[in-house]
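> If you want the building blocks of each chain, they are given just below.
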Amino acid sequence: MKIKFTVQDPCQIVRKSFGDPIADDLRFVVKTLVGEENFIDMTPNKSNNYCCGGGGGFLQSGYVDARRQYGEYKLKQILATKADYCITACHNCHAQIHDLAEHSGANYHTVHLWTLICLSLGILGENEREYLGPDLADVAVYGA
Amino acid sequence: MSSETLKLGKKKQSIFIDKVKELLPEGGNLGLCLTCGACSSGCPATGLEGMDPRKFLRMASLGMDEEITSTPWVWMCTMCQRCIYACPMEIDIPQLVYYARSAWPRESRPKGILGSCDMALRNDSCSAMGATPEDFSFVVEDVLEEYREAQPEFKDMQAPIDKKGAYFFLNQNSREPVTEPDEMVPLWKILHIVGADWTYGSKGWGGENYCMFLADDEAWEHIARTAAKQADELGCKVFLNTE
Chain A
1 MKIKFTVQDP CQIVRKSFGD PIADDLRFVV KTLVGEENFI DMTPNKSNNY CCGGGGGFLQ
61 SGYVDARRQY GEYKLKQILA TKADYCITAC HNCHAQIHDL AEHSGANYHT VHLWTLICLS
121 LGILGENERE YLGPDLADVA VYGA
Chain B
1 MSSETLKLGK KKQSIFIDKV KELLPEGGNL GLCLTCGACS SGCPATGLEG MDPRKFLRMA
61 SLGMDEEITS TPWVWMCTMC QRCIYACPME IDIPQLVYYA RSAWPRESRP KGILGSCDMA
121 LRNDSCSAMG ATPEDFSFVV EDVLEEYREA QPEFKDMQAP IDKKGAYFFL NQNSREPVTE
181 PDEMVPLWKI LHIVGADWTY GSKGWGGENY CMFLADDEAW EHIARTAAKQ ADELGCKVFL
241 NTE
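For the record, the sequence lines run as chains A and B.
If you're matching positions, the first sequence starts at 1 in the working numbering and goes up one per residue.
If you're matching positions, the second sequence starts at 1 in the working numbering and goes up one per residue.
Some hints could be false.
[As the list claims (entries may be wrong)] Within a straight-line C-alpha distance of at most 35 Å, the following computed DSBU-like cross-link-like pairs (lysine-lysine) qualify: (1) B/Lys19 x A/Lys16; (2) B/Lys7 x A/Lys46; (3) A/Lys46 x A/Lys16; (4) A/Lys46 x B/Lys111; (5) B/Lys155 x B/Lys229; (6) B/Lys155 x A/Lys16.
Hints listed in this document are in silico derivations from the structure and should not be mistaken for laboratory results.
This one's a predicted model, so the numbers in the text were calculated from it and none came from an experiment.
With the sequences and hints as input, model every part of the structure.
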């Protein structure tokens with residue numbers, strides 16, 4: 001299907017907790033799910049990755065314009081990969097990166113890691129596809 | 001990079017940075033800045049409110065306590081720690097930001113973060129959206145029942161709450177049970193397929209901790225301890241933080 005994916009390294013589990021080894025694990029899982037040739041990394045990444053701007057309470061702080069301005073770094077990084085999907089393994093990242101696309105009109109989807117794991121295993125039902133784009137919405141629907 | 005020139009006023013007594021140094025291991029290296037700017041050049045918060053990490057640290061070092069404990073920039077820094085990662089002297093600027101947050105009167109801190117923290121203190125769920133333990137168990141059981149019936153391969157799937165002796169204690173971001181319950185299911189399915197022995201807790205199931213972002217140490221600790229105590233009382237071996 002030639003759909004391309006990138007992944008956001010969560011600051012919390014990578015830079016602030018387990019470092020590059022868990023970022024490598026994340027890539028192993030993602031590449032296994034989507035195929036090595038369909039994965040495009042952002043630069044910089046892993047422990048040197050930019051925070052998306054969803055952390056530290058920013059999402060609830062009320063400073064919406066500042067949060068989106070902060071997110072410009074991340075938005076540009078994602079757009080530079082030309083990926084169709086950004087995989088987020090963290091809730092705050094998911095909310096922020098999803099909002100950055102909605103607000104800017106960027107053409108990528110933001111998807112939880114668990115959604116892709118279940119999709120790849122063929123066990124993702126029709127009601128569990130909130131964040132998939134039209135290209136994957138009808139692919140391998142469990143129970144259909 | 002912010003371009004506004006700092007104007008130093010009359011000599012003030014610097015206390016803030018000294019207090020913070022006392023609290024940090026090795027003083028947080030706060031006095032070691034070489035002013036190289038590696039922190040600011042890779043910080044997405046640089047320029048917001050005319051501030052950046054280097055400027056913030058320098059202002060603290062110069063004793064500009066009033067300015068650094070009142071700038072809203074401390075709520076725009078996510079404390080992601082990229083600055084300390086990039087810093088040749090490993091200066092703990094994020095911790096300085098945290099203490100600057102805690103210098104704000106509690107009621108003046110951002111309403112959204114304050115409200116989410118206070119919501120989590122209302123009951124034992126510690127959910128920033130205020131969902132009660134009863135709300136949570138109702139939603140989990142309802143969704144589980146629906147999926148067991150609709151998807152035969154998962155008719156034996158479990159989503160236990162307070163299962164004694166389960167290996168993994170799992171918490172849950174409130175967003176799913178409160179606003180999009182179907183999104184809880186993919187993770188349940190993965191745990192089912194790999195045969196993981198897991199449980200939620202009726203207490204401390206809320207995965208988010210806005211009291212930490214609020215820099216309210218006492219409330220933050222209350223929430224962390226509520227979840228940890230529940231995991232201990234159930235005899236769980238591993239605490240899985242899904243947040």
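> It remains to establish, for every hint, whether it holds in the given structure.
Verification of the hints:
| no. | hint | verdict |
| --- | --- | --- |
| 1 | B/Lys19 x A/Lys16 | holds, 24 Å |
| 2 | B/Lys7 x A/Lys46 | violated, 39 Å |
| 3 | A/Lys46 x A/Lys16 | holds, 11 Å |
| 4 | A/Lys46 x B/Lys111 | holds, 33 Å |
| 5 | B/Lys155 x B/Lys229 | holds, 32 Å |
| 6 | B/Lys155 x A/Lys16 | violated, 39 Å |
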